[in-house]
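Asks: In the order they appear, the protein sequences are chains A and B.
Every position in the first sequence, counted from 1, becomes a number in the working numbering once 139 is added.
Every position in the second sequence, counted from 1, becomes a number in the working numbering once 165 is added.
Wrong hints could be hidden among the right ones.
Said to hold, decoys possible - What the simulated footprint calls covered on chain B by chain A, stretch by stretch (three residues with Cβ under 8 Å from a Cβ of chain A suffice, anywhere in the stretch; the number is not a length):
{"hint": "1", "region": "173-187"}
{"hint": "2", "region": "272-280"}
{"hint": "3", "region": "341-348"}
Because the hints were derived from the structure by calculation, they are not lab data.
Bear in mind that the values here come from a model prediction, so they are computed numbers and not experimental data.
By construction, the Cβ of each residue, glycine as well, lies at the ideal position given by its N, Cα and C atoms.
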Amino acid sequence: MDYKRITIVCGHYGSGKTNVALNMAYEQKEQGKSVAIADLDIVNPYFRTKDSIEELNNRGIKLICSDYAGTNLDIPALPDEMYAITDNKSQSFVLDIGGDDRGALALGRLAPAIVKENNYSMIAVINMYRPLTRDTASTVEVLREIEYAGGINFTGIINNSNLGSDTTAKDIINSFGYAADVAKLMNIPIIATAANKRLKAELVGKTDNLFYIELQNSLTI
Amino acid sequence: MADKVLMKGNEAIAEAAIIAGCRHYFGYPITPQTEVAAYMAKKMPKIGGTFLQAESEIAAINMVYGVSSAGKRVMTSSSSPGISLKSEGLSYLAGADLPAFVVNVQRGGPGLGGIQPSQSDYFQATRGGGHGDYHMIVYAPASVQEMAALTVKAFDTADKYRMTSMILADGTMGQMMEPVDLESLKVNPAPEKPWATTGTDKKREHNIINSLYLKPEQLEQVNFERYERYKEVEKNEVMFEEYLMDDAEICVAAFGIAARVSKNAINAARAKGIKVGMIRPITLWPFPKDVFKKAAEKVHTFISVELSMGQMIEDVKLATECKANYKLCNRVGGMIPLPEQVLADIEEAAKGGNK
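With the sequences and hints as input, model every part of the structure.
Replies: As structure tokens, then:
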């Protein structure tokens, strides 16, 4: 994938944006870029980028996040280091933004500088198997709310429609029409269809621009 | 539209409540159950329902009392510290014989504690956090699908027995995402409620919802009658799952997330030739006493796996009349036992052999 200096990853909570954001950082690192990932989620205290700190360290990707992420303190705190996102123009950044309009407020603080520099992409991660974004109308409504609160408009979509570890290739293929409709209504392109690596063989040739993702380590219980 | 949806446990509860005909939600946000309220806030206005964020937990539970008095299906949800605040209201609901649905997505305690999962409100739920002689029907789901199915069931039993039904989940169950089949939920419409305060139309005596009785003899009689109804609940509503119990000599007792961890440990122990199984209570009250009592005829050791300092283990001992060996396998404060910890305790029990 081609990346701008700043990649903003947004989506409704549970859309899979944190996993997409992590994998976008991994890919940029593999492309030889100096990249950092910033966790600016002020909504959900669970399933944070910080859960992958070991993997990020191993790959040499810097993590910017609140000291309180992953602790018992559930407060909407942001890291002071977040100003490096707009100040340090020699580095690429992936931004993981909280899952609704309130989460996107954190982005609003940085939006004017990001728009002014004009070297960014704003990605909408969508999942038609989530209950509040099951149809195009409700998905577009959520995305518009995020744009309004964040002060930046989306530039592209990643279709991450999935049913967790039960996802089949057919589930993903069945979401193509939905993703196309959302893209049309938002008037932005589908940049990629995300899929777990294990479905690679079944999905090759079914759509352009497949983006294979590795999942964060999780306990199977 | 998709057949299955990928839902958080909290969302599954909210959607299932709507499917069960609940159009009134009152709550106050607290992690890790906030998605129940967030989902209701989004959905209720679109279907002509009421979502109200009350000024406090105490206000929310008393709004539940009001709507239930008017005969409508109603719910509230919270997490541990919030349920403590609602406990006075739970006692008043019981005293007035009002049906209600209450959700507790537990977090580590006591006090403000933390936001990670816990099962340490078992006593509070099964022994009554509020005052007076009363019970709630307490369901302990172990999957997101069960969060939905038991929510629908809880509305039915609450109406049927005119009492509070509670989902006692933990933070993991609330937050984890799994595919859910909503079409499979079996929904019964709410029964007639001739006792509700719905207006007399000048055709009948007015109904009174109250928990105050001026004469002690009368209050005693009401308590006796309520406990006759509780006996019916104990007879009809016990739910549990048995796993590999046919030839088991060791029995793991676990509910909710602890049961999922334990299943992995049991499979690993079986691979090593250890005869171990599990009884997973799905209702914590009424507790599945009979199945434990029967198991005690063959089982030499019960291992209670809990995210508490040992609460359900007391019910296991009572049900089996303290006839076997008992071992508590636990983590607390928001920590979850790993399958390896459970497996180690199973192996130790297997070495110990018969009592």
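Asks: Evaluate each hint against the coordinates.
Replies: Each hint, compared with the structure:
no. : hint    : in the structure
1   : 173-187 : holds (count 3)
2   : 272-280 : holds (count 4)
3   : 341-348 : holds (count 3)
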